[in-house]
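Go by the hints and put chains H, X and Y onto chain F.
Protein chains: 4
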Amino acid sequence: MMYSFKNDYSEGAHPEILAALGRTNLEQQDGYGEDAFSLQAAQLIKQRIGLAELDVHFLTGGTQTNLTAISAFLRPHEAAISANTGHVLVHETGAIEATGHKVISLDSSNGKLTAEQVRAVVAGHGDEHMVKPRLVYLSQPTEVGTIYSRLEMEQISRVCRDLGLWLFVDGARLGSALCATGNDLTLPMLAGLVDAFYIGGTKNGALLGEALVIRTEGLKADFRYHMKQKGALLAKGRLIGIQFLTLFTGDLYFDLARHANRLADQIRQAISQAGYRYLTDSPTNQIFPILPNRVIDELLKDYSFYIWEKVDAEHSAIRLVTSWATPAAAVEGFLEKMKELQTLSARNS
Amino acid sequence: MMYSFKNDYSEGAHPEILAALGRTNLEQQDGYGEDAFSLQAAQLIKQRIGLAELDVHFLTGGTQTNLTAISAFLRPHEAAISANTGHVLVHETGAIEATGHKVISLDSSNGKLTAEQVRAVVAGHGDEHMVKPRLVYLSQPTEVGTIYSRLEMEQISRVCRDLGLWLFVDGARLGSALCATGNDLTLPMLAGLVDAFYIGGTKNGALLGEALVIRTEGLKADFRYHMKQKGALLAKGRLIGIQFLTLFTGDLYFDLARHANRLADQIRQAISQAGYRYLTDSPTNQIFPILPNRVIDELLKDYSFYIWEKVDAEHSAIRLVTSWATPAAAVEGFLEKMKELQTLSARNS
Amino acid sequence: MMYSFKNDYSEGAHPEILAALGRTNLEQQDGYGEDAFSLQAAQLIKQRIGLAELDVHFLTGGTQTNLTAISAFLRPHEAAISANTGHVLVHETGAIEATGHKVISLDSSNGKLTAEQVRAVVAGHGDEHMVKPRLVYLSQPTEVGTIYSRLEMEQISRVCRDLGLWLFVDGARLGSALCATGNDLTLPMLAGLVDAFYIGGTKNGALLGEALVIRTEGLKADFRYHMKQKGALLAKGRLIGIQFLTLFTGDLYFDLARHANRLADQIRQAISQAGYRYLTDSPTNQIFPILPNRVIDELLKDYSFYIWEKVDAEHSAIRLVTSWATPAAAVEGFLEKMKELQTLSARNS
Amino acid sequence: MMYSFKNDYSEGAHPEILAALGRTNLEQQDGYGEDAFSLQAAQLIKQRIGLAELDVHFLTGGTQTNLTAISAFLRPHEAAISANTGHVLVHETGAIEATGHKVISLDSSNGKLTAEQVRAVVAGHGDEHMVKPRLVYLSQPTEVGTIYSRLEMEQISRVCRDLGLWLFVDGARLGSALCATGNDLTLPMLAGLVDAFYIGGTKNGALLGEALVIRTEGLKADFRYHMKQKGALLAKGRLIGIQFLTLFTGDLYFDLARHANRLADQIRQAISQAGYRYLTDSPTNQIFPILPNRVIDELLKDYSFYIWEKVDAEHSAIRLVTSWATPAAAVEGFLEKMKELQTLSARNS
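Protein chains in written order, with this note's numbering: chain F, 106 to 454; chain H, 106 to 454; chain X, 106 to 454; chain Y, 106 to 454.
Chain F on its own, in the form it takes in the complex (with noise of 0.2 Å):
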């Protein structure tokens, strides 16, 4: 069967994660995330960033997350700012603007907003016939496997505070970013810059589960009450905790991120020294070579993966993305294959 780098939830979650719930499965708990093992896995996050006065709320999945924690932040004449790539305006099918918020859409190339964006956005928003740009919501690792430094972090911050933004972080995969070789952004370095972000189990070696971190007091007060109109309080809110239990119990977490990216790292530098351009520069678990479409066709005979835009005529960019889960084995083959198409391209040149 063919092996897949379409996605980072291909597979279930990490063995020591079934292996937790295997072992509590029997203890009784409280529901709605009352439980003991969310009560602790929040105090195991509180703890890596360093700060005690933190909300910590477990949801299913990013979507999810975005539009209660979006919702729960604005009133209804205000307004997010995302860029053009954004997860929230591209791959939500409008689940904010079905919470009643419009997105405010910026061109980025590189998945990135500027604080000079957002400022500029700001100001081109006069009056009560607009709507009002009150949060900034951006993505580490952005959509496309970029990264903002600490630098652009704290500009951004720093704009938010001048002009009353919130700023949010989706932290899909923020593991990667925080793992990603050049990054400088730490955790609790990010906590400190943002009112609200998350970190997410989904794609890094959980069977489901986001950790939602409120940091702003202004924004913590009746969360649990948005999270269950959503639908977002799990009966078995248990199965959540319990994995970030897992994962915040020594550096199981960074653990998996760290080997990601190694794979990703081994994928990026035998293709760029292949020849190969990439459409971003993604550090990350995702990276995006552009190829010339017959030799995508012939990896697509063996490995399945996305398309992921057309380039020229001949060239296109496809996306690849490693995982927990990604044996070694699989990128070895994948690069062998890679150097076979090669070997054969120039002997037919």
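Hints listed in this document are in silico derivations from the structure and should not be mistaken for laboratory results.
Just the calculated beta-carbon pair ranges, DEER-fashion:
hint, chain 1, residue 1, chain 2, residue 2, range
1, H, Leu131, F, His196, 18 to 28 Å
2, Y, Arg266, X, Thr354, 54 to 64 Å
3, Y, Arg266, X, Pro432, 52 to 62 Å
4, F, Pro293, H, Gln447, 53 to 63 Å
No residue lacks a Cβ here, since even glycine has one placed at the ideal position from N, Cα and C.
Relative to the frame of chain F, chains H, X and Y by itself:
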């Protein structure tokens, strides 16, 4: 530690489910409910119902299923009708209203609506100054443990068809209703009488998950869009698929419900024999005995459960819930304790 | 042609309003409520209330005012409380729910809520599984013509402040309440007891328009954004401004209400003397006499009005509404007809 | 006092409208748009269009009409498409999003969408992870004064029918488009190409009011429910009915638009002859000349108008709007002032 009769979601999942998660863990599958497990599980459910033209979708919990289905089925000016005990009216933090729809409340002493009440509501909503009643929401079993008979459901179904109303059934504990002593409404019959309903997994042995079944053609289109928009499409949709596949392979789903019902029956009979009455006539796994407050106080020293409502100065109704996970020994212990309390009581009086 | 007692909005506007529209017609003014007339009208209303720190906004009708204000004042998980006769609950097509908020219905036999009921609702909403009651909506006068006394309003106001609830008053017919015989709640008193309320123009001599008054500081911010978003900012806002300017220059607003009340009083006394009872104890311009069906049938030959509800096999309550535009002669004619019917009836019996 | 070219809603209503309001003032009529005037006005509009099977509804303003129609026409996961200059995207405070729907923005340099752009949007929205484009919103004339030709509108209409999209036209200034020099798209043609559109009254001589015309059968049902729910049914619906009755008796509506256009033409020609260019090619009553900033500063001493956008360091585009109420003398004065400024300028250079 105290044994809890508070809920049927106090433990994890039935061991066969955990085993299936382990067995399939590293198989690569497509995301968002398009994995082989979910497809097979949907197939099994359709076979069990005996109708081919059904759409089956897997969602994470009851509130999410209710809000996604009801908001997908209604146009903006249309309203749902529910008994005043209905979960959507009482315990979902206004989730339906948050999608824009009023829920019309009907008085009910036993958790059930009648066809007559539905007819009267429609008659009382005459023009565009009032919402247009368009969907009947009911729970089988109800939130107070009672069940609709085949005849009652047929009457409601008929009035819905006469008046152009959708009939939607919340089956969070459907297993218990289907396996209850005296129940004469089978799964295929139910499916034939309604427009959509769901089969609850969370409260019958799954970690999470409800299987929404849509029978009526006009309600099927684009349902996955609604799910995605409401945050209800899990990236690892396999998680719910595997569980329903396990529950509906053989008779596991029904065996678990029967187990819960049998233990509830034991408690019910013992308490009846002790001379106590019940708040409602429940043949399912939630029972509501009315006990003297001093008996309740004694029981609470060894068991946890909810005090449901004050009945008079000296008596209250409590809620006892059994589940697939309740050990026979826990019930025996509870009944012995009851007996002791009675003996003491007899001696003292 | 038949004379109609169906409504207080069956005619156009008081002639002074039409004259003012004509007089000012070609003056160029800024749009969207920032014209000189609207600013002056707001000023007059503040003077009449005697509080300087009020925000006054002009909207087109009652439903629009209710939905714009309530959705601006509440966060997503918060709910309004209303008597079951409340306009927002019965006759606004789910407008409040369409903005995402549940309206909790309280039983009422006379159209009024009590402080005790409000307290009980809050006590019964304990945690995040239920909506959070946050705003009390009441109508002065109520939809069945009754009025809150000063004491009753003070009690409700106190419970709202104790429990952190906003108090919002629908004053679609406020003029009639303020001028009713026996009323002891003046406009300044009312304004001091509530967080926001509106003064109805449509039903007291204007072509359209309601003046929303916001007293509580925390509810004022960005209200014009909410108005614009809900379609409530008229390009020619002057249209409402000029009307309220006319109504609140001198005593016109109150003179019109007094006229309507006086004629309602005449009908009320005559019908009482004839030995008939009333559905509600209304001192305002809507009255609900209970008449024999055969009397009603005869009256309907010459007058139009609504049959409000069936009382018993032979009697129904009807609704008679007078207004600023009702001619004294119409009332005289109606009362003569009543007298004739009685004489006939006496002769026949 | 300064003369204002800021808007076409700076004055009240055409005198014939005020006269009609006066004439009919004391006639008793049914409320909520069921009065004889509204029914007759709808009849006249249908005759003018030449199609019998149309539904005509009267609403108070553009934002209200847009939000009520679009939210009634779409299901929750469906989105509207608009040029990035579209009123719904820019100047309605997120009113469409507040009803739950995303508005997809398309780049446009002249305020117009093309059929090709629409086709590309649909092609780019493939599955349930994205909203489903379902309605094309366009303005005739556009917000920058340009108009769609018959051919352009036919092409867009065809692509909408091919792809199953509703075509909805915002006609806030439709009179001006229909009467513009060079326009080849008549009212009956337009009606035949779209699913629904509205005929603006507010900006063409009425105090307020837009006439929404629904042609497509499937969009008609229950529309008055949507209006009531959004606060768009006026108790004294006669107010708008009388105005449209007046405007569509004889040719008044078109005479007023022709007057506004003729004066705009005079300004346009004079400014063109003076050698200035325009931001857009507008044949309607809004024109956007690009003038030297020092000329603008001088003009602002005697006239008020909006500076629309900065063009370069020394030039800006301004917006000049004429209306039914603009006196010929005001335009003459303005053009003389322009001429003086040019003479001075010529002398100084």
